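J.: The primary structure of each chain is shown beneath.
There are 2 protein chains.
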Amino acid sequence: MSKHDKIIIVGAGLCGSLLAIKLAQRGFKVAIYEKRSDLRKTELDAGRSINLALSSRGLLALERANLKSSILQECIPMRGRQIHPLGSESFLSPYSGRSTDYINSVSRSGLNIALLKEAAKYEQITMRFETPVVDVDLKKAAITYKSEDETHQDKGDVVIGTDGAGSVVRRTMMKHTPELLFNYSQDFLRHGYKELSISPNAQGQWKIEKEVLHIWPRGSFMIIALPNLDGSFTLTMFHPFFTEVGFNNLNSKDKVSEFFEEYYPDLLPYIPHYQEEYFNNPVGTLGTIKCYPWQAFGKTLIMGDASHAIVPFYGQGMNASLEDVRVFDEVVETHGNDWEKVFNVFQDERRENADAIADLAIDNFYEMRDHVDDQAFMRKRQIEMQLEQQYPDYYSKYSLVTFKPELPYERAMIRGRQQDEILLKICQRDDFEQIPLKEYHKKLMQLRS
Amino acid sequence: MSKHDKIIIVGAGLCGSLLAIKLAQRGFKVAIYEKRSDLRKTELDAGRSINLALSSRGLLALERANLKSSILQECIPMRGRQIHPLGSESFLSPYSGRSTDYINSVSRSGLNIALLKEAAKYEQITMRFETPVVDVDLKKAAITYKSEDETHQDKGDVVIGTDGAGSVVRRTMMKHTPELLFNYSQDFLRHGYKELSISPNAQGQWKIEKEVLHIWPRGSFMIIALPNLDGSFTLTMFHPFFTEVGFNNLNSKDKVSEFFEEYYPDLLPYIPHYQEEYFNNPVGTLGTIKCYPWQAFGKTLIMGDASHAIVPFYGQGMNASLEDVRVFDEVVETHGNDWEKVFNVFQDERRENADAIADLAIDNFYEMRDHVDDQAFMRKRQIEMQLEQQYPDYYSKYSLVTFKPELPYERAMIRGRQQDEILLKICQRDDFEQIPLKEYHKKLMQLRS
Numbered sequence: 056m057s058k059h060d061k062i063i064i065v066g067a068g069l070c071g072s073l074l075a076i077k078l079a080q081r082g083f084k085v086a087i088y089e090k091r092s093d094l095r096k097t098e099l100d101a102g103r104s105i106n107l108a109l110s111s112r113g114l115l116a117l118e119r120a121n122l123k124s125s126i127l128q129e130c131i132p133m134r135g136r137q138i139h140p141l142g143s144e145s146f147l148s149p150y151s152g153r154s155t156d157y158i159n160s161v162s163r164s165g166l167n168i169a170l171l172k173e174a175a176k177y178e179q180i181t182m183r184f185e186t187p188v189v190d191v192d193l194k195k196a197a198i199t200y201k202s203e204d205e206t207h208q209d210k211g212d213v214v215i216g217t218d219g220a221g222s223v224v225r226r227t228m229m230k231h232t233p234e235l236l237f238n239y240s241q242d243f244l245r246h247g248y249k250e251l252s253i254s255p256n257a258q259g260q261w262k263i264e265k266e267v268l269h270i271w272p273r274g275s276f277m278i279i280a281l282p283n284l285d286g287s288f289t290l291t292m293f294h295p296f297f298t299e300v301g302f303n304n305l306n307s308k309d310k311v312s313e314f315f316e317e318y319y320p321d322l323l324p325y326i327p328h329y330q331e332e333y334f335n336n337p338v339g340t341l342g343t344i345k346c347y348p349w350q351a352f353g354k355t356l357i358m359g360d361a362s363h364a365i366v367p368f369y370g371q372g373m374n375a376s377l378e379d380v381r382v383f384d385e386v387v388e389t390h391g392n393d394w395e396k397v398f399n400v401f402q403d404e405r406r407e408n409a410d411a412i413a414d415l416a417i418d419n420f421y422e423m424r425d426h427v428d429d430q431a432f433m434r435k436r437q438i439e440m441q442l443e444q445q446y447p448d449y450y451s452k453y454s455l456v457t458f459k460p461e462l463p464y465e466r467a468m469i470r471g472r473q474q475d476e477i478l479l480k481i482c483q484r485d486d487f488e489q490i491p492l493k494e495y496h497k498k499l500m501q502l503r504s
Numbered sequence: 056m057s058k059h060d061k062i063i064i065v066g067a068g069l070c071g072s073l074l075a076i077k078l079a080q081r082g083f084k085v086a087i088y089e090k091r092s093d094l095r096k097t098e099l100d101a102g103r104s105i106n107l108a109l110s111s112r113g114l115l116a117l118e119r120a121n122l123k124s125s126i127l128q129e130c131i132p133m134r135g136r137q138i139h140p141l142g143s144e145s146f147l148s149p150y151s152g153r154s155t156d157y158i159n160s161v162s163r164s165g166l167n168i169a170l171l172k173e174a175a176k177y178e179q180i181t182m183r184f185e186t187p188v189v190d191v192d193l194k195k196a197a198i199t200y201k202s203e204d205e206t207h208q209d210k211g212d213v214v215i216g217t218d219g220a221g222s223v224v225r226r227t228m229m230k231h232t233p234e235l236l237f238n239y240s241q242d243f244l245r246h247g248y249k250e251l252s253i254s255p256n257a258q259g260q261w262k263i264e265k266e267v268l269h270i271w272p273r274g275s276f277m278i279i280a281l282p283n284l285d286g287s288f289t290l291t292m293f294h295p296f297f298t299e300v301g302f303n304n305l306n307s308k309d310k311v312s313e314f315f316e317e318y319y320p321d322l323l324p325y326i327p328h329y330q331e332e333y334f335n336n337p338v339g340t341l342g343t344i345k346c347y348p349w350q351a352f353g354k355t356l357i358m359g360d361a362s363h364a365i366v367p368f369y370g371q372g373m374n375a376s377l378e379d380v381r382v383f384d385e386v387v388e389t390h391g392n393d394w395e396k397v398f399n400v401f402q403d404e405r406r407e408n409a410d411a412i413a414d415l416a417i418d419n420f421y422e423m424r425d426h427v428d429d430q431a432f433m434r435k436r437q438i439e440m441q442l443e444q445q446y447p448d449y450y451s452k453y454s455l456v457t458f459k460p461e462l463p464y465e466r467a468m469i470r471g472r473q474q475d476e477i478l479l480k481i482c483q484r485d486d487f488e489q490i491p492l493k494e495y496h497k498k499l500m501q502l503r504s
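If you're matching them up, the sequences are chains L and S in order. If you count by the numbering used here, then the first sequence holds residues 56 to 504, one letter each, in order. If you count by the numbering used here, then the second sequence holds residues 56 to 504, one letter each, in order.
Pulled out of the complex, with its shape left as it was, chain L reads as follows (with noise of 0.2 Å):
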């Protein structure tokens, strides 16, 4: 293996700069690439706005790394599912029944300055912000950017773009559509989103229960909420665009404060500025991006959001992009330079995988809205919750996806469904309260055979 292979990554994002830190730890040379200007310098507004949903999958991409036990000091551990139905208590659902699963709430930008810092500490990468790329000459693994208005060229042995679901580098690769018979999907759901927040307490606290995401589901729409560092929370409306509830409905005042107070009394105490946030805050697009090919001409690899960007409903968006990351270091490590072999194989590991993962956040967006607080969906998972702390051997759909890192999306997917399946024959039964938990297990572990 070429040590002296230089690798351009367009994108210093979460992925871009995890990717660049394990290509060095290779020994290989990194360009990066970032049209933002850097995060290092501007973290003031650092800790709040954004967070996200950290995970095993994530876990282990950055262990892998050497990077999980200082990462995970700046993460809040969130156990379940605080629910908050209109009109009744709030309740707890647990994420799983292992006391050791749970998910970790982290700052993006956080999480993203943190990379960035451990990637400045390898003298073989260089990374340059405020610094655009308009072009990518995919056969020559050489790109055109923009640097203080004026354009410059680098050239490298390949081009990696990480640069997100707006990708520039999967743009140039559509222009070549017929000749990589390009593939490609846009599919945005009805329903956009805007953030708004709880402050900290006086003391610097956190107003409600800290370890946990908040849901406030209301049938087509909803709130949630997750913790952050400062005592802060920040929550996320989750709404259709165009019904008599939709932001494009709710654009008075009155209209406003009339419609929170009916659907959100509860969280109406913790959000005085609602109002402000309200009308301040942009309303964002949720979008699913697939396509294939990710690489071109042996010389050119999408990852990350680039090549498949998912709603945000399964918290794994940034857990995939991540674990991208491992992967391909784990192709890399079997194949080496022989960058057509690695790009081959990581697309055709990766792809069904994503697609999975695309899929499930999508099922998870309507589970999450319409069916966390009914009745036959709590029994299932009460049912799945006691599995889990009897059975080590057991994982419910959503742990396979979430606390099982080394199984991938698609056959946490498929297995996953056919547990679904299995249980709610089982929940559907009039005689399901006597069946003893021991039969649902024998049932479900007939599926590993």
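No lab work stands behind these hints: they were computed from the structure. Just so you know, not all the hints are guaranteed correct.
Repeated chains share a single entry, so a pair holds when one copy, or any two copies, can fit it.
[Unchecked claim] Listed next, the in silico EDC-like pairs over lysine to aspartate or glutamate satisfying Cα-Cα at most 20 Å (straight line):
1) K249 with E234
2) K249 with E488
3) K123 with E316
4) K262 with E476
5) K345 with D410
6) K345 with D414
7) K195 with D393
Note that the coordinates shown come from a computational prediction; the quantities given were computed from them, not determined experimentally.
Here the structure of chain L is known, so what remains is to put chain S in place on it, guided by the hints.
T.: Same frame as chain L, now just chain S:
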């Protein structure tokens, strides 16, 4: 209804030119912009090249513009598929048990010229050729076009993009993705196509059976042939790109002749120039394009291939585009020039039907390639022929799609698939040969209730 509304049509292909005629017949002003040169002036090579199957949906649309009988004079009827298995005699598989049902081979450019000539008769229609539209202001119904290297503007009451699979109007809508929540997918088969031909004989006549669509099915690949008015046939090779017999591998004269001698020995006597044609003619891609919405801001609409490009295996691409015009015209008849209403009603009525024919066309790719010469398929076709002969109310799936123009594609697909399932079940019974035809018919007719 204001008859003075001006409609800008982008693209003077089959869909755009028929649309212009219909709108002019309703009294609107129409301005067509076409990037290609005027086909009427380059008529020479019009007789050859691409031919298409015009069937009852396209004919109904033409009839509504009083053009059916004149167009039929340029068509060659095709009553069935002439199947040429490897190593055995060819045989005819009729399209329908009714002798009145047949499809028509027509020259794409010949039909386009006929429509352009018709459009030229209306003084409310202006047509500009070699005038590519480069940008559309979706909200203002304004376009920017290039003419002789200069950029100009035009503004209408609405803009309708009928500019094909590579639609500039659709691309402009895609740039408004967040605002429109614009869903889009392009999906390419790993197969491409290349055209060859059979020349007329010395008397200017057809060397093989004229009034059929010929197929040489060969498992993962095939050749088809449609007759032209001048005695020639246009052949289309549908082949994988990447396998051993794929276009990318058949890259030397030796390989190509070895391949044709092995797989198409019966065809060779008719195609003495196949080597020349194989190496001169380009390979095209086969893709399905879906998107939504088709309209933007009540001012801009796309239809035809611009909004739903499909693979050619059901012979419905052109028919679906012409049917778009028929349905659009019916919506205009009801809602007049309330364009926002017209566009919304049209897209909601057509979208699922466009999705249905796209999926049927993909299904047929596998059916034509793999099954047209297998026993079970032929048995089922035989029963369907008998049913169609004896029961005027029975239509096979193919007939529902091809010969029932008033039945929307989606309903044809659903009913056709249900019928197929029932027929397949009966054909799998041991006693299937003893089952009287009226039993089949009874079971199939139960679907209607």
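J.: Determine which of the earlier numbered hints do not hold for this structure and return their numbers in increasing order.
T.: 2, 3 and 4
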